[in-house]
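Q: The chain contents come next:
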Amino acid sequence: MQENLRKISDLINNQNEVENEKKFKVASASLVCSIVDINNKDAKKYCSLFEKNFNLNKDEFEEIRKELDNNELTIDDKITYIKEELNNNSFEIMQFLKILNKFAIADGCKKESYLEFEKIRDKFLKEFY
Amino acid sequence: MRLKNFSILYVEDEETTQELITEILEASFKEVFVASDGEEGFALYKDKSPDIVLSDIAMPNMDGLEMSELIKALHPEQPIALFTAFSQSAYLKKAAEIGVATYILKPLEEEQFFNSLNYMAMELEMSRNELQSKG
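Going down the list, the protein sequences come from chains A and B.
Just so we're aligned, residue 529 is where the first sequence starts under the numbering used here, counting upward by one.
Just so we're aligned, residue 617 is where the second sequence starts under the numbering used here, counting upward by one.
Don't read these hints as lab results, they were simulated from the structure.
Cut-off 27 angstroms, straight-line C-alpha distance, at most; resulting in silico cross-link-like pairs (BS3-like, lysine-lysine):
(1) A:Lys580 <-> A:Lys553
(2) B:Lys664 <-> B:Lys620
(3) B:Lys750 <-> A:Lys626
(4) B:Lys709 <-> A:Lys572
(5) A:Lys654 <-> B:Lys722
(6) B:Lys688 <-> A:Lys580
(7) B:Lys709 <-> A:Lys647
(8) A:Lys654 <-> A:Lys630
(9) A:Lys550 <-> A:Lys572
(10) A:Lys651 <-> A:Lys639
(11) A:Lys651 <-> A:Lys580
(12) A:Lys654 <-> B:Lys646
(13) A:Lys626 <-> B:Lys709
(14) A:Lys572 <-> A:Lys551
(15) A:Lys630 <-> B:Lys750
(16) B:Lys709 <-> A:Lys639
(17) B:Lys688 <-> A:Lys573
(18) A:Lys580 <-> B:Lys750
(19) A:Lys573 <-> B:Lys709
(20) A:Lys626 <-> A:Lys611
(21) B:Lys620 <-> A:Lys626
(22) A:Lys630 <-> B:Lys688
(23) B:Lys710 <-> A:Lys580
(24) B:Lys722 <-> A:Lys647
(25) A:Lys651 <-> B:Lys722
(26) A:Lys630 <-> A:Lys594
(27) A:Lys639 <-> A:Lys626
(28) A:Lys638 <-> A:Lys553
(29) B:Lys688 <-> B:Lys710
(30) A:Lys639 <-> B:Lys710
(31) B:Lys688 <-> A:Lys639
(32) A:Lys638 <-> B:Lys710
(33) A:Lys654 <-> A:Lys553
(34) A:Lys572 <-> A:Lys594
(35) A:Lys630 <-> A:Lys553
(36) B:Lys710 <-> A:Lys626
(37) A:Lys647 <-> B:Lys620
Chain A with its partners taken away, still in its complex shape (with noise of 0.2 angstroms):
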């Protein structure tokens, strides 16, 4: 009996981590769409950078794209979440921007894509400036 409820327990635990990684991947992806336009042309270029950042293969970027469009969450919202998710740990919140900033220059640093990171960058890191 007990085994059985240490099963489901850990069941429900895994389901929760699975549906939060998820959560987290869909907000990285979506600030990452927010600082570049990824067509399915560029889809390509950025696919290394997103299985090696975000443990994201093609396949999986192409669902979360699709759960984008339908995605009422701000941009504020997803900074907010992701900083929770990250404990609002400066050292965590660095280490994401760096990502984000690999895509923002991945393309030989375009002024919009720039200026977009730089404007997520400073909501993220305003109350440690």
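Once you have looked at the hints, place chain B on chain A.
A: Chain B alone, transformed into the frame defined by chain A:
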């Protein structure tokens, strides 16, 4: 103020801009080293080992990109910021390849300028803490 813990090398050939920015930097940083082109900047970098490098791109003798490339070859993690109007895409592509990750908008906007410098200072603090915790 965080920036008071750091030194900065500022490289700019245009005299009026150099004077103006140097004054702003001197009020914020522990030490400011100033050079007028990439050649002088690189020599000063090797001599003073500043925490942060801030440079214009187009300069005589040696431009900001060549200087950044030499600095990155010595210290790949060196934080470097380049002034740019984002109009020269070939330069920016090269800068990104070299590993320059911070850009300061031209004309200068004070808030963006200080936010970017603070971000670089935070990066430095982070990598130093990492080094300390490793040993």
